[in-house]
Structure formats: C-alpha cells, structure tokens
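Colleague: Put together the whole structure using the sequences plus the hints.
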Amino acid sequence: MKRYLFIVSRPPYGSSFAAEQLEAALVAAALDGDVAILLRDDGVWGLQHHQSAEAIQQPTLTKTLSGLPTYEIERLFVCARSLESRGIEPDQTLGFEAIGYAEQQALISSSDVVIGGQR
Amino acid sequence: MSLHLVFSDAGLKSCLLRRHPQDLVLMLDDGVYGCHRWHQANLPSSMARLLRTDAEARGISAVQRGAIETVDYDGFVELTEAHSPIISWKD
Amino acid sequence: MIYALAVHGAPYSSNAAEHALGFADALLARGHQIERVFFFHEGVYQGLNGTVPPQTRYNVNLAQRWQSLRSGGTELAVCIASGIKRGVVDENEQERYDLPSHTLSNMFELVGLGQLISAIAAADRYVEFPA
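Chains as they are written, first to last, in numbering that gives the first Met the number 0: chain A, 0 to 118; chain B, 0 to 90; chain C, 0 to 130.
In short, the hints are calculated from the structure, not lab data. Just so you know, even glycine gets a beta-carbon here, dropped at the ideal spot from N, CA and C. Hints are supplied without guarantee of correctness; some may be wrong.
[Said to hold, decoys possible] Among the chain A residues that face chain B by a calculated CB cut under 8 Å, a handful are:
no.: 1; residue: Ser8
no.: 2; residue: Tyr12
no.: 3; residue: Ser14
no.: 4; residue: Asp40
no.: 5; residue: Glu96
no.: 6; residue: Ile98
no.: 7; residue: Gln103
no.: 8; residue: Gln104
no.: 9; residue: Ser110
no.: 10; residue: Val112
no.: 11; residue: Val113
[To be verified] Each pair of labels, with its calculated beta carbon distance range:
no.: 12; chain 1: C; residue 1: Pro53; chain 2: A; residue 2: Met0; range: 43 to 51 Å
no.: 13; chain 1: A; residue 1: Gly66; chain 2: B; residue 2: Gln21; range: 32 to 40 Å
no.: 14; chain 1: C; residue 1: Gly72; chain 2: B; residue 2: Ala81; range: 22 to 30 Å
Modeller: This is the structure:
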C-alpha cells in the first residue's frame with residue numbers, strides 16, 4: 000500500500016481538472032489505500048461557502064469534498080497562505096486542515112506518490 | 000529526497016515555497032526560464048538542473064544559466080532513479 | 000526499476016508527449032520497465048487515430064513515436080472517463096453511445112482510472128507530464 004498525495008491547484012469550475020483529479024483520488028482510496036489531498040493556490044476556492052453549481056449545470060464540488068471521509072480519505076489539507084491571500088473563510092464542515100509551507104513540505108516528503116499540481 | 004520537475008516559472012514559484020532545501024529541482028519545458036528566479040533567490044546552483052534541449056531551444060545563455068548544470072534525457076532518468084517521490088509543477 | 004508515466008497534454012499543443020517520449024526512450028535504454036503510460040485530462044487526445052503533424056514540424060510525428068513505443072511492448076492506456084466526453088472512443092463505446100465512428104487509434108486502449116492506480120501501485124516511480 001502506497002501513500003498518495005493528490006494536489007489540486009486549479010479552481011473548481013473553470014476547467015474539469017479539479018473534478019477529474021478528485022475522481023482519481025477516490026479510485027486510489029478504493030484500490031490501493033492511503034490518500035491525502037492538498038488544495039493549494041486557486042484550488043482553495045473549492046472550500047468557498049454557498050457554492051451551487053447547479054446554476055451552471057455542474058456538480059457542486061463541495062458535495063464531492065464532503066463525501067471524501069466516506070471513502071476513507073481523511074487526510075485533507077489546504078494551504079493556509081493560499082486561503083489568506085484570497086480572503087477565503089473556508090467551509091469548516093468539510094474538515095480540511097489549514098497548514099503552512101513547512102507542513103506541506105513534510106507532507107510531500109512523506110508521500111510515496113504525488114499526483115497533480117498543474118495546468 | 001524528492002525530485003521536483005518544474006515546467007513553468009509560475010510552477011517554480013509554487014515549488015520553491017514547498018520544497019525541502021535538500022530537494023533537487025529539474026527545470027524543463029518553459030520551466031527553464033526559472034533559472035533567473037533561481038539565481039535571484041540566491042539558491043545553490045548545485046540543487047538545480049536544466050533539461051539541455053529545452054534550455055537551448057529557448058536561448059538560455061551561459062550567463063543566465065550560471066553554474067546550473069544541464070542534463071539530457073538519460074540524465075533526467077538518472078535523477079528519477081535516485082529520488083522519490085517525483086512531483087511535477089506547472090501551476 | 001518499474002515506472003508508471005502519465006501524460007496530461009494534447010498533441011502539438013503542449014510538449015507533454017515529446018517529454019514523455021524522450022523520457023520513455025531513455026528509460027528503456029537504461030534497462031528500466033514501463034508498467035503503463037496513462038493518458039489523463041487533455042492527454043487523451045494523444046489517442047486519436049487521425050492526428051497529422053503540422054507542416055512546421057514535419058519531422059516530428061508523435062503518432063509514429065507512440066507506435067514504436069507500443070511495438071516495444073509498452074501499454075498505452077487512455078482514461079475512458081476523460082476520453083469519451085472528448086470524443087475519443089473505441090468500437091465498444093461507439094456502439095454503446097451510437098456514435099458515427101470510432102476515433103481511438105489501435106495502438107491505444109480505453110481503460111478506467113483504476114488502471115492508473117494499479118500501474119502506480121505496481122511501479123517504483125510515477126512521473127507526470129503536465130499539459
């Protein structure tokens with residue numbers, strides 16, 4: 000069993016990247032095990048309150064995020080500075096822990112596989 | 000130690016915030032423009048590499064490159080043999 | 000060592016394929032194995048059966064290079080979820096969705112995301128080539 004880290008750096012609705020990335024994370028959790036997720040930079044917009052993507056006929060990302068613990072993905076992290084610089088008060092019910100750069104560095108180093116973080 | 004594959008200057012910026020100082024960085028594709036940022040941040044040249052063909056294609060000069068070594072694809076593979084995990088950054 | 004590779008960029012619009020191919024050739028030359036190349040996000044367009052290199056790049060034929068990697072025994076796997084919504088379909092999916100034609104090159108196969116994870120699980124290294 001490997002330790003996976005999935006990084007999401009893009010906002011939820013402007014492209015399919017974030018949704019496709021989370022899908023891969025769910026599959027990894029189901030098949031092989033230990034999965035962590037890190038939202039950084041524009042990826043942190045995923046934690047914004049009051050999203051309702053039904054307005055643009057898309058699934059609301061927060062619904063996917065709130066389901067992660069059901070798939071035993073419980074190591075959920077968000078870049079504290081990325082939240083701060085965007086003035087986002089994250090939806091606490093989603094259970095993402097805000098961490099600094101040093102902790103993100105440790106998170107990367109302690110992973111066997113890092114997936115994502117790009118255009 | 001980890002290996003960071005940096006594919007853009009913006010990617011380098013994000014990588015530098017989250018990289019362990021002992022981690023090696025390979026700049027390739029548009030990431031080779033990052034050697035300017037690398038030197039400006041006074042980072043040790045020994046911790047970076049440039050993919051030779053990509054640096055050459057983009058006209059990265061000896062002055063811009065400084066003491067950062069270049070590698071070919073064989074050298075790229077060699078770096079991945081010695082490091083884990085491997086993280087790509089394009090932002 | 001065993002490697003799993005992922006390609007996220009479309010042909011001739013990003014350099015993801017060129018980098019993945021250059022890396023793959025060097026890997027094999029150094030005696031490593033490639034468990035699978037997985038095409039995800041916009042990388043699925045690499046699997047289209049009718050790509051023509053632009054005239055300005057007449058000497059770079061990505062389809063031919065994927066072909067020679069495939070002939071050497073490397074599995075080229077296109078993410079089915081990312082693929083079918085972008086029109087990259089094999090005969091099965093053509094039939095299932097009643098589409099006018101199939102578009103997947105016969106060098107590639109359409110597979111689920113599970114095949115990305117199983118490749119990574121079996122590999123010593125995972126290397127990703129972004130769009």
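Colleague: Does the Cβ distance between Gly66 of chain A and Gln21 of chain B fall inside 32 to 40 Å?
Modeller: holds (37 Å)
Colleague: Restraint: Ile98 of chain A near chain B, CB-CB cut 8 Å. Satisfied or not?
Modeller: Cβ of Ile98 of chain A sits 10 Å from chain B, so the hint is violated.
Colleague: Hint validation: Val112 of chain A versus chain B, beta carbon distance must be below 8 Å. Holds or violated?
Modeller: Since the shortest Cβ distance to chain B is 6 Å, the answer is holds.
Colleague: Tell me if Val113 of chain A is really an interface residue toward chain B, meaning its C-beta lies closer than 8 Å to one of theirs.
Modeller: holds (4 Å)
Colleague: Okay, Gly72 of chain C versus Ala81 of chain B on CB: inside 22 to 30 Å?
Modeller: holds (26 Å)
Colleague: Tell me if the interface restraint on Ser110 of chain A is satisfied: Cβ within less than 8 Å of some Cβ in chain B.
Modeller: holds (5 Å)
Colleague: For the hint on Gln104 of chain A, just tell me whether its beta-carbon gets within less than 8 Å of chain B.
Modeller: holds (5 Å)
Colleague: Given Ser14 of chain A as an interface hint, is the shortest Cβ-Cβ distance to chain B below 8 Å?
Modeller: Violated, about 13 Å.
Colleague: Holds or violated: is the Cβ of Glu96 of chain A closer than 8 Å to a Cβ in chain B?
Modeller: With a closest approach of 16 Å, the Glu96 of chain A hint is violated.
Colleague: Should the hint that Pro53 of chain C and Met0 of chain A are 43 to 51 Å apart at their CB atoms be regarded as holding?
Modeller: holds (44 Å)
Colleague: Would the stated hint for Gln103 of chain A survive a check requiring a Cβ distance to chain B of less than 8 Å?
Modeller: holds (5 Å)
Colleague: Hint check: is the beta carbon of Asp40 of chain A less than 8 Å from a beta carbon of chain B?
Modeller: At about 7 Å, which falls below the 8 Å cut-off, the nearest Cβ of chain B leaves the hint on Asp40 of chain A intact, so it holds.
The structure fails to meet hints 2, 3, 5 and 6 from the earlier list, while all remaining hints are met.
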